[in-house]
Amino acid sequence: MPSQLEIRNLHVRTEEREILRGVDLVVRHGELHALMGPNGSGKSTLANTVMGHPDYEVTDGEILFDGENITELAAHERAKLGLFLAFQYPVAIPGVSVANFLRLAINAQREEPIKVKEFGAQLRHAVELLDVEDAFTSRHLNDGFSGGEKKRAEVLQMAMLRPQIAVLDETDSGLDIDALRTVAEGVQKLHDDQHLGVLIITHYQRILDYVRPEFVHIMLDGRIVMNGGNELVERLEKEGYDRIREEVAARA
Amino acid sequence: MPEAAAPKPGAAREATLNATLGGRGAGGAPLGVLRERARIAYDAQELPRWRRSGFWQTSFEDLDLDSLEPRSHAPDPTLPAILTGQRSAGVLVQRDASVVHVELDPELAARGVILCSLEAAANEHGELFERYYMRRLLLDRHKLEAASAAFWSGGAFLYVPPGLQIAEPFQIVYEISAAGSAQYAHTLAIGDRGCELRLREYDLASGEIAGDALHAGQFELYLEDGARCRLAQLTDWGEGAVSDASTAVVEVGRDAYCHWLPALLGGRLIRHHDELVVAGQGGDMAFRGLFFSQGQEHLDVFAVDLHETGPSGGDVHWRGAATGSSQASFEGLIQINPGAQQTHTYLQFHSMMLSDTAKLDAIPSVLVSADDVSASHGGTVGALDESLIFYMQTRGLTRPQAVRVIVDGFFEPLIIQLDDPPLEQQIRERIGAKLTAAAEDIERYALAR
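These protein sequences, in sequence, are chains A and B. The first sequence begins at 716 in the working numbering and counts up one residue at a time. The second sequence begins at 52 in the working numbering and counts up one residue at a time.
Chain A extracted, bound-state conformation (with noise of 0.2 Å):
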């Protein structure tokens, strides 16, 4: 059975207010997901609470991963599970350089360590497909690193450690535009070859000129409102975020 990501009527908080108030939503390996939202609807919660961050507390329904139930595993166990995150804002590592934290990381998930030399050609290959220099790897973790270097850093070890399912919270966001088309691209291409299953959360359609998702959501208020497909794209474009809002209360 292909790996897969479902999401049972989550509810969420935080210390301050209730975020989530019932998300479902499923994301099988191989497809590629576009979850969209206006700000403070929720997205970056969801990405959040997905991977098990401490700070949100799930106060109903549940996440699954495989049939299995994550919800109260802790973060590095669901990596192992083939979950990945890329951060909206990913944090600076001072001391410790993308090569190494790179070897820490696939060997924080295998019993024997990585050998040097499948490490070096998966790294090379890596580095191409971000289209980064070579010297990039040797840099400390996004230690100074610009906004589209950090995010090319993020995608470069979705490419390394080669996850089942992959959450792209807000990849897109302070990205020029050739950032944030080798990012995309890269996505895509993670998605094509490794039939990587894609959950990418943005507020703008920007980032879905490069890729293609077959799903798209829409989120409003801590719910989804609307599934479909990328012609919720074109109409999102078209009519903005308050039409459906509009249409969604009058649903109700």
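Everything hinted at is true.
In silico DMTMM-like pairs for lysine to aspartate or glutamate, Cα to Cα no more than 25 Å straight-line:
#  : chain 1 : residue 1 : chain 2 : residue 2
1  : A       : Lys795    : A       : Glu746
2  : A       : Lys953    : A       : Glu929
3  : A       : Lys830    : B       : Glu475
4  : A       : Lys830    : A       : Glu848
5  : A       : Lys795    : A       : Glu833
6  : A       : Lys795    : B       : Glu494
7  : A       : Lys904    : A       : Glu864
8  : A       : Lys953    : A       : Asp936
9  : A       : Lys795    : B       : Glu437
10 : A       : Lys795    : B       : Asp436
11 : B       : Lys410    : B       : Glu290
12 : A       : Lys795    : B       : Glu491
13 : A       : Lys830    : B       : Glu480
14 : A       : Lys795    : B       : Asp459
15 : A       : Lys904    : A       : Asp891
16 : A       : Lys830    : B       : Asp459
17 : A       : Lys904    : A       : Glu949
18 : A       : Lys904    : A       : Asp924
19 : B       : Lys410    : B       : Glu494
Hints are computed from structural coordinates only; laboratory data are not their basis. Since we're looking at a predicted model, the values are computed, not measured.
Following the hints, position chain B against chain A.
Chain B only, in chain A's frame:
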């Protein structure tokens, strides 16, 4: 009646700092006279206590000196484990009170390099010995300093002649082998004009010392005009009850350079006074240091960057982490004497707290008596950043692994500058082992926040 002038702010503090500096040193007299002077100071003084502003003190008053004594050993041809597989220009090992092993690359000996016990140097190289011995060190600031100056045995002497450039390191090991040992250590090293050398000193316990032991060390290194040295000292007395009160002075001559890194990685009670003196025009230095305290350890570092003449350069950068219920204090002093014009120096200290019961203080001081200089200091106080830990967990690292990465990364900027892979590896491994031992503490701290 005119009012008495208000005292200058900080005057008392300034006087205290000045009184602690080595300055000219006690040397210039025969060894017997210096030993006798030190013995009188030893008899006259009580065990030391350093106090600072009421909120910090380091006390050796509980040390039972009568229960400790110098222990002698026969020569030992085997190298200490820490040196296995390493290339060296020369090795000297002192176990407790005795030098048990000396070896020097014969080619270097033929070119005039001297590596021998300090006792031997006093007899066989009298002229060099008298010119340098205690040129910058004092012998009566506190009882343990006096004890070291009066009672040292064995000791290490290194002389590198002018112009010689040596790539492999000289390695000096002071080992404490058992409880009850009093080790009075003294290293005298000289880099003559234009030479280049690397020197490592290890202060280590062989196994766990179950009971009190003492290391009272004095270290002096003189770099003559144009000499360059990379000096590293690794101190790890383990989890036993070793107390360590030591002083080290490095003098940098005209156009000379020293990169110095003490790594203080363990000891129940440590007081180190490390002083780097730029004494010649164009002298420059990078003074690095790191420490990691754990358990019930108490660590007190006084690091001095002293400029006697200018132009000269200084760059002091220390980092320290504390876990368990340990207490660590870093006091850094930049002092620029009158006449040290066009000196540029910077002092920075960064700390990382790894427990809520640990204590970590940093006190920078700047005393400037010249007007055409730049001297400043900066620092950061940090704790474990949960956002970093979560980030790494999402990449599959466990929490302890993520903590290790953060702490390694914290020290790495200093370690990598050693430019000495075997030593870098030793320091990383020791820090790693300490983190593993402190994992529960660190976890509790994280959950409490």
